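Protein chains: 2
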Amino acid sequence: MFRIVSIIICLIGLPVFLKGQVKEEVQIKMFFNKALTDRTAYENLRYLCKNTKGRIAGTPEAATAVEFTFQVMNRMNLDSVFLQPVQVPRWVRGEKEQAKILSDKFGNKEVPITALGISIGTGEPGLTAKVIEVHNFEQFAELGEEKIKGNIVFYNRHMDPTLINTFSAYGAATNQRTQGASKAAEYGAVGVVVRSLTTALDDHPHTGVMRYDNNFPKIPAVAISTNGADLLSLWLKEDPNLNFYFRTTCETFPDVTSYNVIGEIMGSKYPEEIITVGGHLDAWDNSEGAHDDGAGCVQAIEVLRLFKKMGIKPKRTIRAVMFMDEEIAQRGGKEYARQADLKNEKHYFALESDRGGLLLKGFGITAPEERLEKMLALKKYFEPYGIQEFTKGGGGVDIGPLGQFGTPLSSFVPDMQRYFDFHHSAFDTFEQVNIRELQMGSAAIASLIYLIDTFDL
Amino acid sequence: MFRIVSIIICLIGLPVFLKGQVKEEVQIKMFFNKALTDRTAYENLRYLCKNTKGRIAGTPEAATAVEFTFQVMNRMNLDSVFLQPVQVPRWVRGEKEQAKILSDKFGNKEVPITALGISIGTGEPGLTAKVIEVHNFEQFAELGEEKIKGNIVFYNRHMDPTLINTFSAYGAATNQRTQGASKAAEYGAVGVVVRSLTTALDDHPHTGVMRYDNNFPKIPAVAISTNGADLLSLWLKEDPNLNFYFRTTCETFPDVTSYNVIGEIMGSKYPEEIITVGGHLDAWDNSEGAHDDGAGCVQAIEVLRLFKKMGIKPKRTIRAVMFMDEEIAQRGGKEYARQADLKNEKHYFALESDRGGLLLKGFGITAPEERLEKMLALKKYFEPYGIQEFTKGGGGVDIGPLGQFGTPLSSFVPDMQRYFDFHHSAFDTFEQVNIRELQMGSAAIASLIYLIDTFDL
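Protein chains in written order, with our numbering: chain A, 22 to 478; chain B, 22 to 478.
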């Protein structure tokens, strides 16, 4: 009797249920329905933001985040949940930074600054010097050592607000932060102050990592809020001899052990083929790391939850990976690929969500031509959800090292107009994430992985 | 000499400047560049939010908003700025509303409520009664008068979170608020409490207008926050005999005079043909009215600013209209169309921005078939800005009455996932508006009007 009923359902019921839609369309609708009616991912994000704030690699907060995400996945009845050890740098910000513009003409004015990641500190008394404002490295040759030596270099190049792609605007302004200290030190500068990388005018400094070139002396580097930068620039025009004081006590210590956190659903047909979906668990210590990148982490976990909830048994193994240390030295992504290589793992596809839990516009994909075309053609399944931008070119800092194996790499590409308002600042809080935007992203990632796995793309 | 230089620029310079782009593409890029590098519209919005909060029609705050937008446009060197008198309703919320669940089992608990627009008050002592939870009007016939009479009806139908189009979800839930009081009064209810129309779980009640059917007694109507609604529903399951107390002192007074505020740039070729771009100046008294609809107002003004700034002389007259009283009785839109009829004005095109100053996804347009097709084909100019959804069907509450003249009507259609988090609540604040999203909208509206005017569509 049961068998007859089953056959009847198969022959009659299913087509009626599908109402002329192909099975995959129905399945995708279910991913969205399940995601939009569940608060698990959102509440996971709340926990990360409110209980592990400041979780830059190597901190106790990062350890809490590792333990929390491990436990969350451990309760999900997955096939495997494990920690992958990673040696990470240990940089400590120290005391709250202080900075003041000291002007005989305008008086003294405190301005908000933040030390850049891995910068050295100024030492106990702080640093006071005159200020040279520049907008690019080419100006150094023009100004010459005599104008720069002993002074603080103030990099004030704006992110170009006319670029619709704000990541391009970020990219075009970012070398001030990453290389600015050593470029200035080459000409004898004693410190650098960098305009925060945001198009917003605000009072939160936006931090981020920098690098020292070992050919030049290490000098302390800080970011100043955009409002602070505008004020400093304005005062400099009228009082070029003003002084700038800042004090930072940041320090780098020896590497410590941390972890990538990995949960997986074993593939039913090709268990040895791995699909990775991930975000990074570390976040700048001045922020809750909601958009960058708590959102990507909880979305990756949510993908596994959705597969389990809907009883879908993927052909391939799906792994949610919380990568550690994206922000400072990208050790988690490198270690993940190194272990993959050591274990001769086959990485079928990888996707990273690290552009905020914002409204999804589409996916960027890097893959061999034939696979790429098939993947880009999946766009049609996403159009009913307003997700229309499937473009060539994808990846991510953490999944990037998997590229060496020829693995197709995909980026989650949401709307980016607001992203740099939050990025690397105290404004990157849980309250800035909308549950629907977050969950439409989760559903879309699950759908993309489901389609790639189902169609063997 | 000057003429020769001009000719050389015309013959050589211009094509070089355009770099193979058609003039319209360059002009649109300039609209975006100018909008994204200017803060005028954003600062106008800040003023409206912070200095005219509570500007529901007929209030002193609405008068301040009229005066402010009039002065702003008056300083812009437009061809004409004027006030169009409108008689508007005058509804006054009165004292802060109070509400409590009174349960013998769980104790007493205050919950956040807000009176619905034009509702009567409960009177001084407030109203206490048992509660019947319903989800639709069909349940009344089932329950019958004996279950409802003397009780408070609690409408707890959720906005459907699985609908990607949140306006559809709003539309499907909204009759509880607009008609719920009279439907319940028909069965003898003494008051109604309506679940706030939002997909968010929050503690701000979301207000909105309701209507009384004169065939039934008028009973007081309030919205309860979604968290409050969930609590009430939960307690009712365990304690169906609990009481609900609420107190509102709202009252309706005779109509007063207010104004639509209108600024215009006279057309250079067809001055008698009018293109209207507008938003509504009134906003619910419990909010700053940032997204609803301060944003639409400042965008309309910004369109005129952009045309002036770029020295574009449109062929047709372009009017920015701040409509008064969209929220309660839609008198501004009706009066604008009535005056147009009396003066035999020719309305060539009208666009309304009243869905928030959020990331623009596209435009909806209603127009005769041939004109519609040409307008929808303008999409190609907007794709570089991520604006891809040009769809049939547009309009707006305020411009709707122009439809009687056959005027093509267009809606500004931004991303709508977050909109109902803010809508008609205390959360609709200036801080929820992003300057880039706001200004990409302004630039796109200006571009659409420019193209329609230039190509005589």
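No lab work stands behind these hints, which were simulated from the structure alone.
Certain hints may be false.
Copies of the same chain look alike in the list, so a pair counts if it works inside one copy or between any two.
Derived lysine to any residue pairs resembling SDA-like cross-links, with alpha carbons at most 20 angstroms apart [said to hold, decoys possible]:
id, residue 1, residue 2
1, K121, F328
2, K401, T412
3, K400, T412
4, K121, Q409
5, K329, T195
6, K334, G144
7, K55, S189
8, K355, T450
9, K413, Y266
10, K55, P182
11, K50, I185
Small disclaimer: the values here were computed from a predicted structure and weren't measured.
Hints versus structure:
no., hint, verdict
1, K121 / F328, "neither (54 angstroms within a copy, 42 angstroms between copies)"
2, K401 / T412, "both (13 angstroms within a copy, 17 angstroms between copies)"
3, K400 / T412, "both (10 angstroms within a copy, 19 angstroms between copies)"
4, K121 / Q409, "neither (48 angstroms within a copy, 47 angstroms between copies)"
5, K329 / T195, "neither (41 angstroms within a copy, 35 angstroms between copies)"
6, K334 / G144, "neither (57 angstroms within a copy, 61 angstroms between copies)"
7, K55 / S189, "between (34 angstroms within a copy, 19 angstroms between copies)"
8, K355 / T450, "neither (28 angstroms within a copy, 43 angstroms between copies)"
9, K413 / Y266, "neither (47 angstroms within a copy, 59 angstroms between copies)"
10, K55 / P182, "between (38 angstroms within a copy, 10 angstroms between copies)"
11, K50 / I185, "between (31 angstroms within a copy, 10 angstroms between copies)"
Checked against the numbered hints listed earlier, the structure breaks hints 1, 4, 5, 6, 8 and 9; every other hint is satisfied.
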